[in-house]
Amino acid sequence: MPESSLPTSPLSSTAPVEVLSWGGLALPEPVPVCLKPEPLQIERMALPLSLPRATVRSYAFTPAAALPPARRQAAVVAGISESGCRPPAEGPRPRARIKPPGDVVKLSERIFYLLQPDLETILETSELVFPHEPYPFQYEGMAFLAPRHSAVLADEMGLGKSMQAISTIRLLVHSGEARRVLVVCPKTLVSNWKRELGEWAPEIVVAVIEGEPARRRWQWQLEDVPVTLANYEVLVRDEALVEELKLSYDLVVLDEAQRIKNRGSRTSEAVRGLRRRRSWALTGTPVENSASDLVGLFEFVSPGLIHDGMPPRTLGESVADHVLRRTKDKVLKDLPPRIDRDAIIELSPEQRETYRLAEEEGVFRLSEMGPGLTIQHVFELVLRLKQICNFDPATQASSKLDRLEAELEEVAASGRKAIVFSQWVAALEKISARLTRFGPLQYHGGMPTPARDEAIRLFREKPEHSVLLLSYGAGAVGLNLQFSEYVFLYDRWWNPAIEDQAINRAHRIGGTGGVTVTRFLATGTIEERIDTVLAGKRDLSETILSTAEGLAQEGPRAGNGFTQEEVFGLFNLPIPQRRAAAA
Amino acid sequence: MQQPEEGRGAIGFLTTVASASHGVFGGFLLVDEVGRPLEFHCTAPVRVSRAQEILYGPTLHGELHGRRIGGSLVNAAGVKPRLVLVESQQMLQVQDETDLPVAVVDPVEPLRERFGGLLPEIDLREPFERIREAIAEAQRHG
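First to last, the protein sequences are chains A and B.
Quick note: the first sequence, position 99, residue 99 per this note's numbering, numbers continuous.
Quick note: the second sequence, position 53, residue 53 per this note's numbering, numbers continuous.
Everything hinted at is true.
Some residues of chain A that are not near chain B, with every Cβ distance over 12 Å (derived):
id : residue
1  : 30
2  : 37
3  : 103
4  : 137
5  : 242
6  : 243
7  : 250
8  : 277
9  : 309
10 : 320
11 : 363
12 : 365
13 : 373
14 : 444
Here are some, though not all, of the chain A residues that point toward chain B, as calculated from beta-carbon distances under 10 Å:
id : residue
15 : 111
16 : 116
17 : 124
These are computed hints drawn from the structure, not numbers from a lab.
Keep in mind the model is a prediction, meaning the values are calculated, not measured.
Ideal placement from N, C-alpha and C gives every residue a C-beta, glycine not left out.
Go ahead and model the full structure; you've got the sequences and the hints to work with.
Structure representation (structure tokens):
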């Protein structure tokens with residue numbers, strides 16, 4: 001502050017004062033006051049105005065690999081798919097962010113993950129089209145898997161574990177982070193995985209390891225194939241071959257990974273021996289019996305991370321960053337009350353051969369009947385073929401039953417209940433005989449009423465009974481089984497309304513959880529053709545001959561839900577002339 | 001200086017984060033036309049004295065956040081963005097330190113009308129959240 005001289009002026013004041021006297025009191029004479037200002041002492045302070053400089057730290061990122069032109073698919077909004085996806089929602093969507101996993105310690109790598117756009121944006125802008133809009137929790141599942149080298153996706157059955165894995169594989173392949181992926185699954189699920197890969201990652205080439213040894217050797221060595229699909233049995237059989245070829249993978253995914261919980265098994269040894277950078281396990285039951293199951297699983301996922309004898313709390317903390325589990329009640333707000341999925345079944349070799357012969361012979365006989373052909377003849381052939389799809393008549397081999405058994409393992413392990421529908425009591429009895437460990441109960445028209453009521457009571461009250469086997473006729477009306485969260489349609493009914501009634505035994509107002517409906521469908525058979533027609537008939541207004549009350553007895557009623565043209569069309573048979581004239 | 005990519009080119013998102021205990025951090029994120037990160041620059045915390053707060057008064061934000069921190073960040077970038085977006089009017093003072101066009105991200109609609117072809121088809125407010133998370137992560141790591 002600059003020095004300054006302040007102007008000054010003396011101050012003085014003489015005012016006349018009147019002296020007043022009270023008993024000798026007198027005011028004094030005014031005294032002149034003179035003020036002289038002293039010069040100001042100003043201390044100069046230097047205050048830095050210049051703001052401090054900013055030290056900058058910089059990170060540069062490699063631009064993502066250019067994406068190949070994606071095949072634009074028509075966005076098929078087909079209601080609910082096997083993975084329980086739904087049509088796009090209105091309004092702002094919640095966003096799933098890819099967060100750095102706990103084992104990423106380098107700051108630059110952690111920042112890299114944090115600076116990525118949300119997963120939905122990545123997918124939208126990468127032109128990777130989904131056949132159905134995933135649920136928010138499924139986006140979160142993908143965001144969980146994408147950055148992880150070690151992961152267990154332990155969602156409850158029916159929430160779309162395979163779909164989440166496939167979609168994340170697709171992201172990694174397109175971004176160049178994964179060039180070779182191996183998916184290992186149970187043999188009964190290979191066709192399912194083929195189908196789901198075709199649906200959710202149609203542009204990705206998949207090699208399926210199957211067939212004779214020489215063929216398998218060639219398949220294992222295929223290059224430029226991003227995804228290889230093998231079943232556990234083949235992997236064990238070809239363990240030495242895989243080692244000889246020194247095959248290595250950017251990612252190995254195990255489906256139904258509880259298969260390897262026993263560390264001493266050949267299956268576990270075979271998968272642990274695979275050379276890989278990333279290890280993911282998909283299982284709805286990571287801990288089936290004891291903590292040792294989880295240790296066995298992590299011998300593949302992240303060897304050495306956990307070990308036997310760790311206290312449960314320590315175990316949980318150690319694996320927390322590697323395991324993602326959602327149950328239906330947690331994500332219920334994202335789910336519709338019902339999830340429908342198709343279980344595509346490959347017939348066993350015996351069934352396939354029996355089926356082929358029966359269809360060829362049957363169609364030949366029908367075509368020879370000429371005007372004498374009736375719709376009942378066609379139905380008889382359809383029924384025979386459907387029965388073969390359920391069980392091979394000679395050997396009783398059944399791919400459907402193999403699959404059902406695998407599914408029920410998970411249902412029972414998670415303490416849930418399932419109901420299984422078939423149109424034949426004989427089929428229910430065969431299923432019951434095979435699945436004794438799940439405490440199966442039956443409910444069909446051949447049982448006296450007290451026995452049926454007792455079956456329902458036991459199913460409702462006793463945890464050892466995980467499955468109830470019902471015929472469409474007896475079980476489709478009047479029952480309340482809303483505590484069952486899983487419904488399996490072992491074989492299909494003619495009329496979608498009847499199927500819906502059956503399903504609604506479990507899917508009812510007041511039910512506490514979502515219901516997962518699994519429809520078994522033998523691929524390459526009459527069941528597939530029937531399914532195509534039924535899919536078109538889901539809108540009941542198109543059903544011409546539907547009679548829901550017609551299901552008072554076992555067996556099909558002619559024409560329920562199907563027109564004559566559709567019935568004859570199942571075998572490409574012309575409607576006999578006299579019928580055509582009457583139509 | 002690295003040339004921007006073909007096509008729309010890079011867009012920059014510039015913001016600051018004030019921490020009561022550390023000071024002011026700055027972050028500058030450059031993204032490509034689909035919102036993926038190309039570069040990220042952040043500053044160590046900058047503290048000002050109480051006297052400077054008083055002396056600068058209402059001009060402090062623009063001077064410190066905009067010119068000083070923002071200017072350092074923008075000039076550290078290797079990729080030259082076509083546009084720099086900021087969250088507040090005061091941050092526009094970064095324009096004194098650079099010849100790059102600078103605009104406030106809110107409201108978005110007039111921005112898209114004016115710069116439509118340059119802007120990625122993403123939520124333009126979202127990259128600022130990424131910057132804040134990255135700065136928080138850098139803070140945690142010390």
